[in-house]
Amino acid sequence: NAGVTQTPKFHILKIGQSMTLQCTQDMNHNYMYWYRQDPGMGLKLIYYSVGAGITDKGEVPNGYNVSRSTTEDFPLRLELAAPSQTSVYFCASRQGWTGEQYFGPGTRLTVT
Amino acid sequence: GQQLNQSPQSMFIQEGEDVSMNCTSSSIFNTWLWYKQEPGEGPVLLIALYKAGELTSNGRLTAQFGITRKDSFLNISASIPSDVGIYFCAGFITGANNLFFGTGTRLTVIP
Chain A
878 NAGVTQTPKF
888 HILKIGQSMT
898 LQCTQDMNHN
908 YMYWYRQDPG
918 MGLKLIYYSV
928 GAGITDKGEV
938 PNGYNVSRST
948 TEDFPLRLEL
958 AAPSQTSVYF
968 CASRQGWTGE
978 QYFGPGTRLT
988 VT
Chain B
75 GQQLNQSPQS
85 MFIQEGEDVS
95 MNCTSSSIFN
105 TWLWYKQEPG
115 EGPVLLIALY
125 KAGELTSNGR
135 LTAQFGITRK
145 DSFLNISASI
155 PSDVGIYFCA
165 GFITGANNLF
175 FGTGTRLTVI
185 P
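Listed in order, the protein sequences are those of chains A and B. In terms of the working numbering, the first sequence is residues 878 to 989. In terms of the working numbering, the second sequence is residues 75 to 185.
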């Protein structure tokens with residue numbers, strides 16, 4: 878199993894542009910998550926999904942959108958990027974009944 | 075949301091020394107998790123604890139689920155340079171959708 882994969886690994890975006898961060902997991906996990914981590918800080922939950930077709934907001938959802946059309950994929954969309962969205966973005970997944978989340982390698986995004 | 079307080083925030087230790095860190099919460103959890111994040115990487119699960127009082131080891135790492143269910147401890151014995159990273163605790167309540175993460179302990183090991 879590849880686990881949780883994320884693309885791209887790095888990206889530079891201009892202010893006002895849009896992009897989609899990709900996340901795929903091959904563990905057949907129901908739950909998937911998007912976090913952002915600012916330099917020297919902890920993880921903040923952006924959005925999560927409890928299964929295909931179901932998504933919900935986390936702690937910091939403004940400026941982002943998600944969709945979950947399949948169990949495997951959970952893309953994160955940034956519309957009208959702002960410098961405040963410069964961060965490292967992590968995707969994670971877990972099974973239904975246990976708490977363990979498994980993280981992807983992250984996407985480092987710079988908005989200038 | 076629930077706050078998990080992790081301490082210390084950072085540690086500078088000599089290679090070979092033992093390390094202790096802890097995580098406390100105002101709420102009870104059913105599961106405690108410990109993650110390690112190396113520079114430029116995603117967090118990696120080290121240890122999962124499911125029962126109050128449980129003591130679990132993973133190599134040189136030992137973690138304990140506090141008896142009150144509101145805290146957890148992680149010890150690293152005989153530290154080595156590759157132990158460098160940020161260690162996060164996380165608490166989980168059965169049936170909840172999300173984890174609650176601590177703010178992390180940044181460990182630096184001086185050779």
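Think of the hints as simulated: they come from the structure by calculation, not from any bench. One should not assume that every hint holds.
Covered by chain B, per the in silico footprint, the following chain A stretches (three or more residues, Cβ under 8 Å) [stated by the list, open to error]: (1) 914 to 923; (2) 944 to 954; (3) 975 to 984.
Here are the computed lysine-lysine pairs in the PhoX-like style, where the Cα-Cα straight-line distance is at most 25 Å [to be verified]: (4) Lys110(B) to Lys886(A); (5) Lys921(A) to Lys891(A); (6) Lys144(B) to Lys921(A); (7) Lys110(B) to Lys125(B); (8) Lys110(B) to Lys144(B); (9) Lys886(A) to Lys921(A); (10) Lys934(A) to Lys886(A); (11) Lys934(A) to Lys921(A); (12) Lys934(A) to Lys125(B).
Derived Cβ-Cβ restraints for the label pairs, each shown as a range [as the list claims (entries may be wrong)]: (13) Ala170(B) to Pro952(A): 23 to 31 Å; (14) Met918(A) to Val118(B): 12 to 20 Å; (15) Pro82(B) to Asn905(A): 37 to 45 Å; (16) Ser94(B) to Gly919(A): 29 to 37 Å; (17) Gln88(B) to Thr882(A): 35 to 43 Å.
Just so you know, even glycine gets a beta-carbon here, dropped at the ideal spot from N, CA and C.
To see whether the hints hold, each was checked on the structure:
1. Look at the segment 914 to 923 of chain A against chain B: 4 of its residues bring a Cβ nearer than 8 Å to a Cβ of that chain, three or more, so the hint holds.
2. With 0 residues having a beta carbon nearer than 8 Å to a beta carbon of chain B, the segment 944 to 954 of chain A misses the requirement of three or more and the stated coverage is violated.
3. Residues of the segment 975 to 984 of chain A with a Cβ under 8 Å from some Cβ of chain B number 9, which satisfies the need for three, so the listed coverage holds.
4. As the CA atoms of Lys110(B) and Lys886(A) are separated by approximately 20 Å, the hinted pair is consistent with the 25 Å bound.
5. In summary, the hint linking Lys921(A) to Lys891(A) is supported, as the alpha carbons are separated by about 23 Å, within the 25 Å threshold.
6. At roughly 21 Å between alpha-carbon atoms, Lys144(B) and Lys921(A) fall within 25 Å of each other, so this suggested pair holds.
7. Between Lys110(B) and Lys125(B) the alpha-carbon distance is near 21 Å, which keeps this suggested pair within the 25 Å criterion.
8. Distance hint between Lys110(B) and Lys144(B) is fulfilled; the C-alpha atoms sit about 21 Å from each other, no more than 25 Å.
9. For a cut-off of 25 Å, the pair hint linking Lys886(A) to Lys921(A) stands: about 19 Å separates their Cα positions.
10. Of the pairs offered as hints, the one joining Lys934(A) and Lys886(A) holds, with about 24 Å between alpha carbons and a cut-off of 25 Å not exceeded.
11. Restraint check for Lys934(A) and Lys921(A): the C-alpha separation of about 12 Å stays at or below 25 Å, so the hint holds.
12. Taking the CA atoms of Lys934(A) and Lys125(B), the gap is about 30 Å. The hint is violated against a cut of 25 Å.
13. Range check, Ala170(B) to Pro952(A): Cβ separation about 24 Å, and the 23 to 31 Å hint holds.
14. Between Met918(A) and Val118(B), the C-beta spacing of about 18 Å keeps the proposed range 12 to 20 Å intact.
15. A beta carbon spacing of about 39 Å between Pro82(B) and Asn905(A) agrees with the range 37 to 45 Å that was offered as a hint.
16. About 20 Å separates the C-beta atoms of Ser94(B) and Gly919(A), a value inconsistent with the hinted range of 29 to 37 Å.
17. At roughly 38 Å, the beta-carbon separation of Gln88(B) and Thr882(A) lies within the given 35 to 43 Å, and the hint holds.
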